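Protein sequences, first through last, are from chains A and B.
Taking my numbering, the leading residue of the first sequence gets 1067, the next gets one more, and so forth.
Taking my numbering, the leading residue of the second sequence gets 26, the next gets one more, and so forth.
Keep in mind that the hints were calculated from the coordinates and are not lab data.
All of these numbers come straight from a predicted model, not from anything done at the bench.
The beta-carbon is built from N, C-alpha and C at its ideal position, and this holds for glycine as well.
It is possible that some hints are incorrect.
To be verified - Here are a few chain A residues that face chain B, going by a calculated C-beta distance under 8 Å:
#, residue
1, 1174
2, 1177
3, 1259
4, 1302
5, 1337
6, 1343
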Amino acid sequence: MEYFLELFLGGLTRGSIYALIALGYTMVYGIIQLINFAHGEIYMIGAFTGLIVISVLTLLGWNQIAILVIASVAAVIYSCAYGFTIEKMAYKPLRHAPRLSALISAIGMSLFLQNYVLLAQTSDFLPFPCLVPDFEFWEPYSHIITSPELVIIIATTIVMILLTFLIKFTKIGKAMRATAQDRDMAMLVGVDVNKVISFTFIIGSATAALGGVLIASHIGMVNFYIGFIAGIKAFVAAVLGGIGSIPGAVVGSLVLGWTESFFTGYISSDYEDVFAFLFLVFILIFRPQGILGRSETEKV
Amino acid sequence: MFLTFPIMVIRVNTVENVVEWRWNNMIIIGAGSFFLSFVWRYLLKKKETGNQKAKPVETDRVPLSQRLFEDHKIYIPAAIAIAVFAVIFPFVFSMYQTNIMITALIYVTIALGLNIVVGLAGLLDLGYVAFYAVGAYSYALLNYHYGLGFWTVLPIGAGLAALFGIILGFPVLRLRGDYLAIVTLGFGEIIRLVLENWNEFSFGPSGIANIPRPGFFGIDFSLRGATIYIYFLMIGLTLFTVFVVNRLQDSRIGRAWVALREDEVACQAMGIDKTKTKLTAFALGATWAGMGGVVFAAKTTFINPASFTIWESINILCIVVLGGMGSIIGVIIGAFVLILLPEYLRAFSEYRILLFGAVLVLMMVFRPGGIISNVRRTYKFEGLKNKTEMS
Chain A
1067 MEYFLELFLG GLTRGSIYAL IALGYTMVYG IIQLINFAHG EIYMIGAFTG LIVISVLTLL
1127 GWNQIAILVI ASVAAVIYSC AYGFTIEKMA YKPLRHAPRL SALISAIGMS LFLQNYVLLA
1187 QTSDFLPFPC LVPDFEFWEP YSHIITSPEL VIIIATTIVM ILLTFLIKFT KIGKAMRATA
1247 QDRDMAMLVG VDVNKVISFT FIIGSATAAL GGVLIASHIG MVNFYIGFIA GIKAFVAAVL
1307 GGIGSIPGAV VGSLVLGWTE SFFTGYISSD YEDVFAFLFL VFILIFRPQG ILGRSETEKV
Chain B
26 MFLTFPIMVI RVNTVENVVE WRWNNMIIIG AGSFFLSFVW RYLLKKKETG NQKAKPVETD
86 RVPLSQRLFE DHKIYIPAAI AIAVFAVIFP FVFSMYQTNI MITALIYVTI ALGLNIVVGL
146 AGLLDLGYVA FYAVGAYSYA LLNYHYGLGF WTVLPIGAGL AALFGIILGF PVLRLRGDYL
206 AIVTLGFGEI IRLVLENWNE FSFGPSGIAN IPRPGFFGID FSLRGATIYI YFLMIGLTLF
266 TVFVVNRLQD SRIGRAWVAL REDEVACQAM GIDKTKTKLT AFALGATWAG MGGVVFAAKT
326 TFINPASFTI WESINILCIV VLGGMGSIIG VIIGAFVLIL LPEYLRAFSE YRILLFGAVL
386 VLMMVFRPGG IISNVRRTYK FEGLKNKTEM S
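The shape of chain A in the complex, shown without the other chains:
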């Protein structure tokens, strides 16, 4: 039972990690039906920015929690700028082109950013300091779940609640939903579609950057390549939950996290990814629109 609980919580952390990245994927997809391959790279850039800010501030001898907050804010702002620029450069000119062109453009952007960071920084793994202190009040439970993990889970929950609120109840959220449903129609009723899309990219990048800083500090190292693997996993999670739906992304991520965790714990760690993908295939065979996705009727 102890072992089961351990795996369960491990899966929960893992799922929360995927969820932070998957949220951005799903939001962008919901609005412009594009698999943003560069999303993982934004996450990676967020982690790198966080690392740079942290190193500089540590040299100046600041307080740990202050550093964590400032680094997260810097990473979020910086990644937002990146997300915005990427959208403007690589996707906006392709808005009316075939879907595949935009996808290739996204892949190109992902390659470009990866190698840009590789050349500008280094190809080695850089150690990332663990910034979350061990909370004293959490001491009795820390053998089950450590405080950095706790922070990740809480952060994911807060981000998800905020996003749901944003989309359901604010004006820009309404505009986003309208754009997702029918872009031309939204334009007709006076929604500034370009602004909405930019905004979506900014929000998505912000969650990715936040994820980047938190996850890197949990894992303990960063490298120019982390974005790609995390991106693929998060994308699988988003599809699993039904791409385009925000609760779906979180549910999908958690399901994926638990699946991997239990599978690794009980059967074998070699085939962890194989199992994750097989699981995806089975889910999609029986529910092609994902766990929480709406099924679309085909119209002629």
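Following the hints, put chain B in place on chain A, whose structure we already have.
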């Protein structure tokens, strides 16, 4: 575009290293991005005005490439020149060059195979490299265990790959667009991970070495002779592929694929069996990848799972899209550009992938149809102004 300008300058911050502050780079990149943003804006504007100009005359405008191929005065000498060049190539250039050429030809073959799936049938397949791996491993393993020769395995490998294509095809038949992409991607990863982890079957990450080169009725060649032999074999295989794909394109099944790509519902209403059509697309596409894989294993004499990562799939997909989806000539040119260019740009090897990524983005922004876009055969009615549909 004006808004991005400040960001381009701020972007420089990533260059600062942890301890050392490299202000030098910052100035260079700042100036560079300032200049580039102007070029970018200029090109974008030009593209927009160009589009507006082109629109009114689009109806009877035939692209330059198309005219070139229809004009026999240019077409025939060009074909002869290419043929002569292809024949004397291995004797004139070094073995290194020939080897690169073989790689390029392998990619032409498998890219043409993917062209069936993506270009004609419109099914986005991100795990295409799995079939390539199946081909390569079937040669390596069958040879290792049973001592089967190259020529025996070539059809077996192709058949196995086709079988895998059908296995993959069945579950994904119901899926649309992006779900299909992610499932195929997953499939590619599954194959690679199984090969990596199943030590007893595939010798794990260390791969299989000493795969024999193909023989010619029992004659063993020297290394140079074998390379030239594979080169000609690849030329033959490529020609065969071009021939088959060309015939397929205008056949009943080829037109069914295009119809399926354009509109699934309408296509079914016209009485086309969706399941069968999709499965044949997967199976036929996989066949070429399997053949390419067998030749690849024979050429390098060593394979391991690291050759079959998802980047390989993306690379092949880029060839197809860059060259122009659905167009045979375009795909061939795309393969040569994408394989040969990086080889000859070894001097800038550090910046190679960076440039590659940038080229992909620029290409898609400024010329989304690829280098040579496919012009669908249209039937013109006399007296009726028929709209030329560009796919």
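Which numbered hints turn out to be false for this structure? Per hint list: single violation, 3.
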